[in-house]
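Participant: Listed here are the chains, written in short residue letters.
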Amino acid sequence: MHELSLAEALLDRAAEVAAEHDAETVDALTVELGAATHVNPDQLRFCLETVATATVAADATVDIETVTPRAACDCGWEGEPPSFEGTAAVVPTARCPECGDRTEFVRGKECHLTAVSVPDDAESTTAENDSDSTSTENDTEATTTE
Amino acid sequence: MHRTPIDRLLAALFGRSQRSQRAPIARAHRFGHDHDESTESEAADDVLAQFREQAQALHEEVVHDHGVFVVEFLGATGSGKTTLVERLIERAPNDEQIGVVVGDVAGDDDASRFRDHGVSVANVTTGKECHLDPGLLEGALSEFDLDELDRLYVENVGNMVCPADFPLGAQARVLVVSTTEGDDVVRKHPLLFEACDAAVVNKVDIADAVGADLDRMAADVQDVVPDMDVFRTNARADEGVDDLASFLANLRTGDHHHHGHGNHDHAHDDHVGTHDHHD
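Protein chains in written order, with our numbering: chain A, 1 to 146; chain B, 1001 to 1279.
The following block holds chain B by itself, in its conformation from the complex (with noise of 0.2 angstroms):
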């Protein structure tokens, strides 16, 4: 049995180790271990399956049985995913409905700076938690009309750990690094870049003051997830940021083939080989 410091604490606190006092006979309940099979009852006793089972759930009833597209972005705090989607939001035309669910910890700062853009906004405030999870987007969607909203944009928490394990069933997860975070960022974070769809490395404009290598970046992204587009971009002066709109554009053309990663149910991806886009 692995005992840490803390069970050494724990049982000379509270003596847990006395297990010779508990009766040496007992019975065990043991779950089923048919790992082929995601049966009903296995969701039950895996707490991430479950969570991967409401995300698919909600990409049932936002993406299929509503028709809205749903893009999530995801990375550190400022690493530009609000000035980002501000960007993508400016394109879009005048009769498309978009709706933002912006996630953080505390605050009503990024909420305010989309409502500006005269879109849609549901602030969550998790409190204490560092990442949205689909419980948290389904309490949010209730205060946007699903049948007239034709995009929504989800923006996590800013976080490069945990929102790995909480699929919020999008059609594409979007990973923003910045060049202020190194450029051996994407390195420091493969089971991230793992669970996403396309990734954005921004501030490109500054990348030389910082000392970035951005064909490091991007090749450590190749490295870590072989079929990942990377887009290069330096939002707040909207550079490069066309690129990402006709790759959403084409997904959405193409989004009932394909499912990414915010969706659990994960058919390969339909855009073939490896781009960079760079100019």
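Next up, chain A with everything else stripped away, as it sits in the complex (with noise of 0.2 angstroms):
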């Protein structure tokens, strides 16, 4: 049960990103989850829209995508490691279906805040300084996934 640290988290995030863009609120935030962490899905959206109700994000959409785990083996091998069998969730084991040694999990171990888009009618002046590894776009696709 720490999806509500991590929700107070991702929104302390989702408000800075806002103020870097003088916007007041925020519309929709998106998150990668990865299936190979124990946050539950469900949980972490309840948390970031119940913590979010007294943020700059109250009406925001949450959109939580799940990361599909990715492992990696000695032995050279790469790719979608199998999950166990018969778990509600997908839990994914950490055996090399090449040689049988242990992997290690290259994605799957996410909870990361992909996206925060906010109302087109704020300043925008800020949207253009953004470091490299960030950018601005329309928020079509961002919303499209409703």
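Simulated from the structure, these hints should not be mistaken for lab results. Hints should not be assumed to be uniformly reliable.
[Stated by the list, open to error] Partial list, computed: chain A residues near chain B (C-beta under 10 angstroms):
#1 Pro92
#2 Phe105
#3 Leu113
Values in this document were obtained by computation on a predicted structure and should not be read as measured data. Where is the CB? At the ideal position from N, CA and C, for every residue including glycine.
Mind assembling these two chains? They're in different frames, but the hints should get you there.
Facilitator: Here's what the structure looks like:
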């Protein structure tokens, strides 16, 4: 049950982004959640929406995208690891399907805020000054998932 | 868009779904997607990666700058973590300075047991949190003189779920399960085993009484994590603990080569093969 503290951290970050864009509200949040974590997506959504009511993201839609795990082995194999059977959620194995050795996850451990949408009427003067790894774009992509 | 009953409830209560009332055109701030590159900003946007980076920084400070050997113990409440660490403390040479960080939701019970062994103890009562995180551990470390310390045991909160996502920067994460938890306990918690470096099956003396198949438990560990060492112990009677102590000693000797899952910068284990330690 650490979804609440994760939700608080994600919303803190979203509020920072909104402030960077001089936005007073947030329209939508996208979170990539790795399947190799113990974070429950439904609980995370509930916590995000509940905590958000007291923040600039009060009316934001929350989109949680599951990240399929990817593992790599010293033998050279890399790919989507097989899952344990009979579990309610996807639980990837850490055993290499090629050689049987232990693998390391290269994807699937994320709880990653990947997009924050803010209203277009906010000042956009800071948008162009973002660092290389961030960019702004039209909101269309982020809202078509509804 | 995925909608849960909670969405519908909140929509009914607060009208949250009235998206059409908002500006139809909006700007989006989309973060970088380059997952091969662990950039600073990616860590800032990935809240779990932030904890892993904190653990890495703690590992650098405690293990490399201060030369402390750090072992974390995890497992359910009542699995025998405290008793096992007591047995390890009793084996320490007289000149070894030992510190113990004890995580519990509430109370001083474990901490006072360790104090009776004459070691330095920092008690972390999390109040509500179900696991220690690197920030809580860092706070607890301020109670020690790290330059004086040789070895640090960290006993996590009794929990088989949450600690998997929160490494603490130890050289080894040792997962303690016991026969009383049922011999299917390993298969119920694969992600936690995957996050650890060694396993202890404790309370082997009462395996028959509680109907636990020890070989099945060991086989399950090998199934979940192929190269993981499994130590069978009866910590109360101090049986089987020598093998675990040797494993940790070997780990320490090679600690510049071995970085376990406590430290996210994981190089593969340098102990070879599959070991099941029992007499």
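Participant: All hints are to be evaluated individually against the structure, with a verdict given for each.
Facilitator: Hint by hint, here is what the structure shows:
1. Pro92: holds (8 angstroms)
2. Phe105: OK, holds: A:Phe105 within 10 angstroms of chain B, min 8 angstroms.
3. Leu113: holds (5 angstroms)
In terms of the numbered hints stated before, the structure departs from none.
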